[in-house]
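Starting from the known structure of chain D, arrange chain B on it as the hints suggest.
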Amino acid sequence: MSAFYKTFSAALLGSTFLAAPLMAAGTHPTTGEALAEDQTFTYRVLDEHSSVDPGIVEDVSGAEIVRDLFEGLMNQDENGNLVPGVATGFTTNDDKTVYTFTLRDNAKWSNGDPVTAGDFVYAWTRAVDPALASPYAWYMEITSIMNAGEIIAGEAEPATLGVRALDDLTLEVMLSAPLPYFAQMTTHSTLFPVHAATVAEHGTEWTKPENIVSNGAYVLTEHLPNERSVRSRNAMYWDDANTIIDEVVALVINDENVAFTRYLAGELDRTEVPSGQFPRLAKEYPNEAISFPRLCNYYYTFNLSEDGPEMFKDARVREALSLAVDRKIIVENVLAGGQTEAYSFTPVSVADFAPPASPMSGMSQAERDAKAKALLAEAGYGPGKPLEFDMVYNTSESHKKIAVAMSQMWKQKLGVQTNLSNMEWKVFLEERGNQNFELARGAWCGDYNEASTFLDLMTTPSGYNDGKFSNAMVDDLMTQARTADDAGSLYGKVEGVLAAEHPIIPIYHYAGVYMMDSDVGNWPVGNVEQNWYSKNLYKIAE
Amino acid sequence: MLTYSIRRIGAAVPTIFLLVVASFFLIQVAPGGPFTSERPLPPQILANLEARYGLDQPLWKQLWDYFYNIIFHWDFGPSFKFKDRDVNDIIAQGFPISLTYGFLSFLAASTVGIALGIAAAIRHNTWIDYLAVSLGIAAQALPNFIMGPILILCFTLYLGWLPGGGWNGGQWQYLIMPVIALSTSYMGSIARITRSSMLEVLNANYIRTARAKGIPERQIIWRHAIKPSLLPVISYLGPVFVYVLTGSVFVDLYFSTGGLGVAYVGSALTRDYSVLLGVTIIYGVLTVLVNLITDLAYAWFDPKIRF
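Going line by line, the protein sequences match chains D and B.
Using our numbering, the letters of the first sequence map in sequence onto residues 1 to 542.
Using our numbering, the letters of the second sequence map in sequence onto residues 1001 to 1307.
Just chain D, with the same shape it has in the complex (with noise of 0.2 angstroms):
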């Protein structure tokens, strides 16, 4: 039995103590704390979603929508574990390329219709189908499922995806290699059910709050575009009874100062605090600022093609730009918001995987210094010869922060030349995908909790690599990883080659940092994907 599997057993009794039946109204059913009359959670969210249709989202705040209007085969619970959704369970073969679902039978569609194996087959085969032309599409490509990249490039009908219905609650999946996180993938919204009924009567107008069936906790029941949206308790949900929260609300505020206001005036139960504020937010409202890790990196990453920049093909003067950073300086001074000092490419709150101490991490900041210089004279520079480089990030005031800070402690430790440039997104990302550049802002959020979600950027064929750094060692070990049952110790020999090539320079690991009202009860701190349920919230009475 896989590690997985543990797990899985173990949150599967834990959420079966959870599901005991209400008590009373007024008193959290497992806490014993008094729950508000009113429960509403009301949130903010910086734009307007961009859909909530599952096989086509792909931002976080339509996700953590639809998140709660559907529910995929399993779930996560507060700390990320793997918990049943509307499967109760899985079966996997002894190479994990066919996986078993079995579904509850009480799963129901907010019209009443049965939840089948059926809605799921339709719905990932819409997703792959190049009609549907969904933007996540990739998503599909790499759960592995059998023929989904022959699909999406139009060399095989839709339906002969991998994935078939044996019966009505029995769900067979096969995969074209062995993936053993596959059913930890099934929690995102790509891999959600839809109703075929209704796609096929509305079309495109399919998700609009009139015409919308869904089967997950809530409905969607309101959504004004770049106002709000509602949602409401779906009473055919099969746990509607544990379900506490009434009404969730999705304010779309752009400016973040304006947010905090408002969430000062208790119009919002969560908003996001603003740059910089934390220590101070922390102190006067102990209860309410939170921080927390998230699976996020940011890192700097060098041009590393062909036609890049000569300086930094030398091992030894990335090093040394790597060493002079003071990232304590960044995430105590700079971002003050709770940030982990990043040595490992791997954000170290990662699930089943502890990135291995780099010889950096050891060492104090001075040094780091010291060696640095002693690298970059080595490499031939100096005040003679001073290294001079672009370095270009795309356009924001927290960004451009930690732009300045590190262009000056290179200035002050190295005298090293940077010329900072800032970019319009879209330009940025046009210019750091086609190499234009000397060394540029990079950053990755998990698209899983999983190792390989992050260093599978630094092999050679991803289409993510700007920096375009080639490791055969690298592209070996990642390819070993994907079907080896120790993928722990292979993650840190990649990142191994990393502390010792520097193809990019990591600088902290995300943090959540929150002002959440105290009356919000079971936020998921623990879960750093941040993947939550409204299902799983509830109200204190204050």
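Each hint should be verified, as a subset may be incorrect.
Partner residues aside, some chain B positions facing chain D, computed with beta carbon under 10 angstroms [said to hold, decoys possible]:
1) Ala1030
2) Leu1049
3) Gln1093
4) Leu1157
5) Gly1165
6) Trp1167
Here are some, though not all, of the chain D residues that point toward chain B, as calculated from beta-carbon distances under 10 angstroms [as the list claims (entries may be wrong)]:
7) Asp53
8) Val57
9) Tyr136
10) Trp138
11) Met360
12) Ser361
13) Glu367
14) Met423
Hints were generated in silico from the structure; no laboratory data involved.
Virtual Cβ for every residue (Gly too), placed ideally from N, Cα, C.
Okay, now just chain B, sitting in the frame of chain D:
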């Protein structure tokens, strides 16, 4: 007059056509496209998306289809970013909102501005004048992006009188701050223009004659001075009307009103070509229309312009 009107209307149509064509090509020049993202899409998926939205066609064909669909189907196309909605949807939802608070702001700016300007001119060099002038300058000097947060801070957080944002179908509580924020700077300008124009008129020879004849001051102002002194104000109001309807991005940003401004700016940043073009057309038509009306009104008042 009729020939003049026909000539002006005739010029408006090609203006809008040129605007659309120029915007269409300018959008394409901007680096990146609607599907550029941090995670570059695999070529196959990109090809599927481009095929679905017709972006794989040659540009002339795309432009032709665009005009064809608008003229024959009144269809401005799908949004590339908001895949559950099309451009008609986005405009139908946002435009009435922008129009409502824009129009109210215009009313507020012109009535209060003109009243303030007249009061200042009549009571020239008294405390009323000084107060009106300083209010006008303050209103003009305070940028919108400072106004917005300050209003929310005062009325929502400190006083707790008004909701901090949203639209709620245009309920009056939700309208007050957007209208104040949007109208104040125009109010300031209008007050200043009215005041100086009124002062000029009050010093004119015919007013002196009227005074010499012994006509009561009240009658002089209301009968003889107001009309001519409002002419320059009216010529300023035309562009202001367009500005308040189109230049309201910050209102949407700070007050989450859900108007067209935020959709417009967002579409430019995300390269949502169809939304950007659709809203450009709306704004373009509106500008041309208001200019047309202003021009025709001018011609009506002043025969010199007609020839």
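- Query: Tell me, which hint numbers fail for this structure?
  - Reply: 11, 12, 13
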